[in-house]
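Top line first, the protein sequences correspond to chains A and B. Mapping of the first sequence onto the working numbering: position 294 corresponds to residue 298, and the numbering continues sequentially without gaps. Mapping of the second sequence onto the working numbering: position 283 corresponds to residue 288, and the numbering continues sequentially without gaps.
Keep in mind the hints are simulated off the structure, nothing from the lab. What you are looking at is a predicted structure, and each value in this text was computed from that prediction instead of being measured. All C-beta atoms in this analysis are idealised placements derived from N, C-alpha and C, irrespective of residue type, glycine included. Please note: incorrect hints may appear among the correct ones.
[Said to hold, decoys possible] List of simulated lysine-lysine pairs, DSSO-like, C-alpha gap at most 27 angstroms:
(1) 331/A <-> 420/B
(2) 19/B <-> 198/A
(3) 47/B <-> 714/B
(4) 313/A <-> 19/B
(5) 331/A <-> 25/B
(6) 376/B <-> 312/A
(7) 376/B <-> 111/A
(8) 111/A <-> 925/B
(9) 841/B <-> 116/A
(10) 331/A <-> 20/B
[To be verified] Chain B is nowhere near these chain A residues, computed Cβ spacing over 12 angstroms in every case:
(11) 12
(12) 79
(13) 233
(14) 288
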Amino acid sequence: MGSLTESKRQLAWVFDLNKCIGCQTCSVACKVLWTEDAGAEPMWWMSVNTQPGRGTPRDWEKMGGGWDDGRPVLGKLPTPEEFGGGWDFNYDEVLRGGRGRDAHLTKVGGSKTWGMNWDEDEGGGEFPNAYFFYLPRMCNHCSRPSCLDACPNDALFKREEDGLVLRDEDRCKGAQKCARACPYKKIYFNEARKVSQHCIGCFPRIEQGVAPACVRQCPGRAAFVGFLDDPAGAVAKLVRQWNVALPLHPEFGTRPNVYYVPPLAPAPLREDGSFDEGGSRIPPSYLESLFGEEVHGALDLLRTELDKKRRGQGSELLDTLILYRWKDALGHLDRDPAEIVWD
Amino acid sequence: MAETRGPWADAYRKKWTWDKVAWGSHAVDCYPGGCPYRIYVKDGRVVREEQAGSFSPVERGIPDMNPMGCQKGACWSQLLTAPDRVTHPLRRVGERGEGRFERVSWDEAFTDIADAMLDALQEDGPESIITLMTPELGGSPARLFADVLGTPTTDGNAEFQDFSPGWHLTWGVFNPTASMDDWFLAELTLIWHANPVYTNIHWYHYVAESRYNGGEVVTISPDYSPSAIHADYHVPVRIGSDAALALSMCQVIVDGKLYDRTFVQEQTDLPLLVRKDTARFLRGSEVNEGDRDDQFFWLDSRSRIVTPAPRGTLATGDVDPALEGSATVTLKDGTRVEVEPAFERLKRRLEDYEPARASKLCGAHPDAIRKLARKVATRRTKIFIGWNSGKYYHGDLMERSMALLLGLTGNWGRKGTGTRSWAVAGWDSFVFLSQKARPGQDAAREYLQNLVQMRRLIAQDDPTQTLEMISNRAASMSPELSGMGRMMPPAFLWYYRYGYRDRWNDPKNHDPSMKRSFDAYMNEAIEKGWWDASYAKAYQEVSPRVLFEAGGNILRRQRGGQKLLLENLWPQLRMIVSVDFRITTTGMYSDYILPAAQHYEKLGQSMPSVHHLNWVLCDRAVDPPDEALSDNEIGLRLVEKLEERAAARGLTGFTDRAGTPRSLTGLMARATLNGAFRDEEKMFDEALRDSAAYGILPPDASLDTLREKGHLRWTAWGMIGHGQAQASTLRPDEVHNPFRWHTEEKVPYATLTRRAQYYIDHEWFLEAGEELPMHKEPPGQGGPKRRFQLTSGHNRWSIHSMNMPNRTLLNTHRGEPFVFLNDRDAAELGIEGGDKVRLSSDAGAMLLVAKLTPACRPGQVILYNGFEPYMHEQWYSQSDLEPGHVKWLGLAGGYGHLQYRPLAWQPIPADRAIRVDVAKAG
């Protein structure tokens, strides 16, 4: 069992769901950097899903994990089929097989029934009052990581200096208790190496003062990174000062360190087609089920600040989210990686 | 206790190392493209790439443009080694389409291709060699022979159909384009006929940020589109009824006198007088002996005197042009006629669109229409348009109506207002390079002086012409000056040689207000000589023999479908060449596939786009693999081979249809300025230095300075491309908003009336009742009785089909082609999510998987395009559902700005609101 000590400082992520456009640049940036090797093909340490939806692994929210009365709960271990994807394709057969129109590109291997973004842009509601939004997900580098406690091999540890929850892959024996204990189901299993793997917080980049790939490459400028105790940083302001960025499923009890600015949505339409200005397109109860009761206050605050801006008044909160200077999203990790010269 | 130490941790650290960094970008038509990237190289291999995030802030108080990029860019290097990559010249050995090829040497390939081209020249003339202008600028150097021989290149705006006919009809230009940071300043953004959440990933943030800045966002789309989710309002407009919605807002604005009177008087044709008897503008030639046909008049509201509206300025001077009332005018023959301002006629037309009536057409609630109209009238408003409207049959009417909304409310020509399109500029130096007298910047300056002289010469007959008008005239006279080859509108080639004639003459593909047969209009347009300079007659006689494609994919793209092409065009072709870095569906049906270098393997320019106003470097981070060559090298070697084979065959030249003799000797010398620019680095460096000499780039511009910074911001527009059409001065510390020369300096527009023109009194437009914007239902193209309407648009995961087969990106969605259906529609048809369905229209049918969502409108079918045909069972794809017909009014000419010049006015195919049936595939 790992030891549950609090880290001295905690690095945290904020995703602004009003800026996230589901483009998967974060996912792809992470994928091409860390999970291209044999055995890692189906992994997406970073992934974006359409909400409401079943996500990846499919129906992960119902799989269990987290804490119960001070003990880690071992929930369901997601199967590769439920994670989905992992597809290769019959390129050679189509392009070089000489079969012409008798062969077309099809999946080879992987999940038959699911993918990491299978229910993209499906969402909920009923036309014209359909609704959906995008939810980027990664390891939450929790302050009370149930995975760490569940590991029988002491492979997982939480770093003192920044609170990243990492895995000593040389100690990991592939028991997958961590994956069962993680309520967010963001731990994958490498069938080739027989070890579990999850987001490493881009620690090699962080060591060099460079922001994690998911944040630095976000073209929507929806992602922020920084220490929670750095009062000048955007992350601390959004999470601690304004309480406008909230953790996902706080009831899981692991105290996650990835926070979300909850989504607004267009005014719904009444039966006759007119705008229902005061109405909610996304059911508030649904948002509450994701982000807890605090979501209402956060959305109210956003609406108040938007209104202030529309009346020509200032809003420090919205100016922070506007992100006039992109580098402000990167906190202290704003070094340009291209400057690095390796020995 | 475990630590971040040990072999596992070092393995991760080692992954994120490199030994070389280069600048890169992706010169593609995602528009704007040109995202500055850093390319990381290890052991001679590109290992990854990442946005550079290197743009400096431009204007105080406006967010910077970093870090431009997207998920395609994030895995671009995978294209270099992908399974569809070609690295050797390939010659077909099986039947076309079978996909059986053998490796041949470059020399064998070029000899065979050059001989086929020379055969075609000899036997069928230069028009029998067809080059397709495709979006990727990086592909054009491979098409160099077309410039050298003077063979035609089809116009890209018809090929890829990213034209906005309604913008052109209104402003004489299809592409007023603000820099993307200007979008931050909008107080109201109408996302309309666009899905920027998919297609503008690299700069959508400005929309979100404008909202945080106090602006509002309204998304107008038939479905609850991904670009609706971050809006304040979504207007679920009925498919194809956008003009009714726009005109209804205009009605509210005119009725409530909410319009910007001064702007309307000064910037638009609405005060110009129209004869009540003929419904045509009152013209100088009717009033005064010897006066111009394009002299128009207005009525001073105070003196009630009719005076000529000045042609040289938009300034109204002492006149207060009346928008209402009428007057009597005596013509030169003594006839007295009643006239009224076009505005009066507009007011009557708008009565049809009173909100309660328009609501029945467009589905928006009357209160919603009124509310939006008031917002537009009181706020800095932008319309975020894509190229969706122009793809509707009546897209011209939609766009004219939207332009009317902007015009009535004074919403262009100042920061935070206007609309958008695509626009490129500033590559004069590359076009002029081999036309200079000698290397060096003195020669560049001389060349420019000569060019300016020439333009002065062609402007002599009318001193009131603006620079933009003169540029347009020059481009009409010499299409090759556009810098993209000798362009021609392909409609005539399609009509006579691609097999469209029957389809275009099928009345059920057309609007009932088309009074005569399509053929009748076609013949009239040709007889009147409206398209004489544009190969209108050539293809009645000439069969295409050689099809040369570089960086395109006609069998995926061509509206009308591959079946049509394979049955009609293909049998005429003796040589089909696909220059590409990958095997496309068209490649599978080609005789040769020539392996081109990918972006990181060659020196290149990005799309020099008005959206970011920068010259962004794509450097040669690594060498091309195996035998692959840069497009430039392919282009030059083919020219070299043409010259060699012509000499060997004793051919010295030929005469084109215009009677111009063309030489087949000295081709290489002409293409490289006697060898001075045979070397790519030298050529590139010279072009950058010339750009400085032309004032387009800073004075110290060179390949070295560009390699230092990765990008250089333009300092001026240059003469090539769409710079002048922006009609605004570039300022180093300001965002760019087009049309400021019009609004601030009162410089006239390049239209017939020299104003933003809503009243088109061309005889065909009058006949169709379309002299003013109006709403017309999409015709029943695809089969009027079919239940569903197919809308589409670019997908999220690929630039056209280029990235579509990429394994990583396929894993971010379903991994196969799919179509969105409304959940309740599907239930009625017994279709479940994941079922295979058959879509069929009168043009063809295709198979793919259904995805169900309440975000899709009942009756709507959404098929995001770009899937390679070879990804579909039997290879039939979306374009096979599209009849690919054009609106007859696109053939109109002989009328001011309704004249062809490259990338401008011409017939373009319609592919939206195609009627289809959906059934579960048995």
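So which of those numbered hints doesn't the model satisfy?
4, 7
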